[in-house]
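Just so you know, the sequences run in chain order P and V. Per my numbering, the first sequence runs over residues 1 to 606. Per my numbering, the second sequence runs over residues 1 to 445.
Everything labelled a hint here was simulated from the structure, so no lab data went into it. Virtual Cβ for every residue (Gly too), placed ideally from N, Cα, C. Be a bit skeptical, because a hint or two may be false.
[Stated by the list, open to error] When the alpha-carbon atoms are kept at most 30 Å apart in a straight line, the in silico BS3-like pairs for lysine-lysine are as follows:
1) P:LYS290 x P:LYS269
2) P:LYS104 x V:LYS143
3) P:LYS114 x V:LYS143
[Stated by the list, open to error] Chain V regions said to be covered by chain P (calculated; three or more residues, Cβ under 8 Å):
4) 44-57
5) 134-140
6) 158-171
7) 233-246
8) 330-341
9) 412-426
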Amino acid sequence: MKAKIGIEVHQRLATERKLFCNCSSTVSNEVPCLTVKRRMRAVAGELGGVDPAAAFEMSRGREFTYQLFKNSSCLVECDEEPPHELNKEALETTLEVALLLNAKRVNELHVMRKTVVDGSAASGFQRTMLVGTDGSIKTSRGPVGILSVCLEEESAGIVEAFEAGTVYRLDRLGIPLIEIATSSNIVDGAHAREVAEKIGMLLRSTGKVQRGIGTIRQDLNISIEGGARTEIKGAQELELLPKLVDNEIRRQSALIEIKNELKKRNPGKFVFAPVDLSHAFSKTHCGILKKILERGGAIMGFRLPAFSGLLGRELMPNHRFGTELSGYAKVVGVSGLIHSDEGLEAYGFSEAELAEVTKLLSCSSGDAFILCGGERKRVAAALKAVFERALQAFEGVVKETRRAEGELSVYLRPLPGSQRMYPETDVTPIKIERKEVEEIRKKLPLSCDERKKKYFEWGLGQVLAEKMLKSPDFTLFEEIVEKTRAEGKTVAGILLESMVALRREGFAVDSIEKQHLIELFSLYKKNRIGKAAIEEALKDVSRGKSVQETIKEKNLELFDDPKLKKLVSELRSQGISDPKQVFSEMMRRYRMNVDPKRLQLLVGVK
Amino acid sequence: MAYSKEIDGILKAKRISVGDGARITTSGVVYEGLLMPRIEVGDDNVLILKLQSGYNIGLEYSSSMQIEKMEANAFSEKPTPRYSLKKSSLPKISLIATGGTIASKIDYRLGGVKSLLEPQEICQAMPELVNVISFKSLLSPFKIFSENMSPVEWQKIAALAAKELNSDIKGLVITHGTDTLHFTSAALSFMLKNLCKPVALVGAQRSPDRGSFDGAMNMACAAHYLLSDAAEVAIVMHATSSDDYCYAIRGTKVRKMHTSRRDAFRPVNDLPLAKIYSNGRTEFLKKNYRKRSAGKVVADTAFEKKVALLKAYPGSEPGLVDFLIDKKYKGIVVEATALGQIPTFTFDKKNSWLPQIKRAVEEGIIVAFATQCLYGRTNPFVYETAREMYRLGVIYCEDMLPEVAYVKLGWVLGHTRKKEEVRKLMLTSLAGEINPMLTEEEFLI
């Protein structure tokens, strides 16, 4: 099956401040200090039209609650103050990434407002700007085009979503985010994964991106021949990308089959005529429906002519066309629906009930029906949405935004159009001068391959080199080695292993600063302290002591040769003459103060 | 601002105008999109293109750039839907639209310059209103941003307001920019004599082009205020940062206290008249408000424009007062410090305002002091400097806001120049501008 596959990679930048204000760009681990509640309205875009996705969300009439956090949310995120100037650091990193992707920069940036009415930005829009276009990235299956490199605001984080609204946290809103969109020439799911990995590595090579869960995520854009563009948002695990792609291709093919089948069946005109079926179920044994009726809700349904068998058609593993329709109902706020292609016995319906429903809905053989229960108004809205989606089955695949759920995806909202963009008039356009770009070009980071080569030269083995490449501390590692000239293998060992072990033991390793490490490794390089002493010193440094203090207090300095010789001869005079024994006794007594290699030479062991 | 002459010439030669589809090739990259107008800021030698994705980008013009026309104007700019007056059994109100953010619209074609909506367009943006009220008339005497208002506009609004209020309506809503909304509310409070119906002034801090537009809720709450039994000029705007309820605040006891927040308008030295939820629930927080009654509203708009508002501050130049005297000003309101002091017994005599205030009073100019603290009452008897000013004949404006004192003095001097009459009127609460009893709960609401 020929498919067009493209991905979008979203990566948070590790800037100190947010994109358009002075808030810290780290997600808070405190409790919210305040909340505000807002409603959103659908508005007309630059070219006059209202975006379908925006209109859809407003029709849901939901209320949004925003949690505010000290240090990481201010009036700008609350939509109570205009944006400040663009964060230069974020722009420079984006230009750097654009250069690494061989993209062509635009000469003047225009900050746009991208309408988001799902509440994920309190202003009703996300600020975004196109920085570069027409790049490419090399992959094992040929080059993949880079359509765009954008710099934008991260959206607010969802805390909780329910029928009547969503609770968001504003600490995440406004963190600088790079969005990279590839062209649709990705070959298949495995290739999509490779591209995502390559882009991820390239982003990490800058040393200027955030690490950890949620800081990078992928969206997929897929359409097959005769299908339509579907955007699948929020794929966080790269391993799932191949399956996600395969399942979407299956889903689109199955929808096309359904379309062809429907055309053959030629069911004639469709009229939306929902019928109240509450009465037919007044004595039902079906637990779900019984509960709904007891709560004063209604059970309604409608007939789908000639749809028999199609609702049960599997689109993806364990995901039938009926499941798809149910997704549309759920978005309106009902818990789901029941359709005639399901095993209805399992619900506990009696034959009489089913006969009554068939009669009330005027279903004949070959027809299908949909049932839905809940609050009357919501049920009516849900059935309408389901009916409209069912009608679209005649067109095959519908343009949709979907949400990744493991290997599958579920319906989220209609695909937004370009109507959702209009200029951010509160920020003036930003000219990018050639000089500025050339300065960045001079300082471009090494690629991962180049970096690995360098690590090998520094004495790291294959495993350690690869581990370091994936570590968030690789820039720290390089800086230490370059500044102190200490051997790479030792530095890497301390950073990747000792620090982790210390953290596990409960030491506050985050309070160890770069300067401390550089100081320790310089002393190490000058043979003033040994490797064991570095690990020991870090314990106290993590408690706030200075390096000098620690070394003095704990007596961590290496012994000089005369002292070593003196100690060795003392041991010998005590009757320990076997060099191996001397060595191990010396190490046992003076582990912190003895460089094992020098001792080996001295006592003559290998 | 337009494109540079060079770009302009090329576009003309190729018959490409703003809104047309264009293909631009530069440094080996082809960009296709709609040609956008050059906005007022930035480099006029940069072409702005709106790409298919919706993004706008700027491309610097160079002689090697190739520009081709694709299709003709693709702007499908639809006219904004307009509300039309229909027969309805719902209570009738009238709307006077004067401009401001609540009526702003980005005009993309003319280059990002904000244009102002017609009242019919404003109403259309607020579908909530349809089930609450109906409009008798939608009027717009002028459309300006509120920083450009002057007493002439206040007079125009007042005259129009009186005419509408005397027709068969429940109340009147006035949409207005927020920057000087509290000046206009004060002016209307004095100019609309014998007010017997409510008047709501409404603005917005976020424009209608965004999903977070606050004006619609303000307007809905204002509509509910107009259905209440109050007969006061009030500003109705968000009470908190949330979209939950508005405050209706007396037009003479209200001030914009924040540059950008939705809840910028706060009562000063007073409680809000009422708390109004967008669903109509209304709780009056003040008991002694003016009630709806039968009668005829009179627009009493006489206003003396030669009145100034001046701020005294450490190091301020007393010669500013001389300037006003020489310019034949009739009244000066000074924003004095705290209880009502200005630099008087200064080390350097040149810095003392005393001679200038003396001169002003001697030349028949009315000098009134209000406090730059905003909160609290002036009192001339606590400190010697103030006692000196009081002896000279300076009017201490009680707890009146400086802006209100300015508007009031202009209005009073429009009616009388007799010193004693002016003093008496300034110290009589004509529209709730003086609160004779400040209470604990009236601070920082």
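Hints and how they fare:
Taking the CA atoms of LYS290 (chain P) and LYS269 (chain P), the gap is near 34 Å; set against the 30 Å cutoff, the hint is violated. Between LYS104 (chain P) and LYS143 (chain V) the alpha-carbon distance is near 44 Å, which puts this suggested pair outside the 30 Å criterion. Distance check on the hinted pair: LYS114 (chain P) and LYS143 (chain V) sit about 29 Å apart at the alpha-carbon level, within 30 Å; holds. For the segment 44-57 of chain V, the assignment as covered by chain P holds, since 10 residues bring a beta-carbon within under 8 Å of that chain's beta-carbons and 3 suffice.
With a cut-off of 8 Å between beta carbons, the segment 134-140 of chain V has 0 residues touching chain P; three or more are needed, and the interface restraint is violated. Counting residues of the segment 158-171 of chain V whose beta carbon lies closer than 8 Å to any beta carbon of chain P gives 0, which falls below the threshold of three, so the coverage claim is violated. Check on the segment 233-246 of chain V: 5 of its residues sit with their Cβ under 8 Å from a Cβ of chain P, so the three-residue criterion for coverage holds. Only when three residues or more bring their CB closer than 8 Å to a CB of chain P does the claim for the segment 330-341 of chain V stand; here the count is 0, and the claim is violated.
As drawn, the segment 412-426 of chain V meets chain P at 0 residues by the rule of a beta-carbon pair under 8 Å; below three, the given contact is violated.
The structure is inconsistent with the numbered hints 1, 2, 5, 6, 8 and 9, although it conforms to all the rest.
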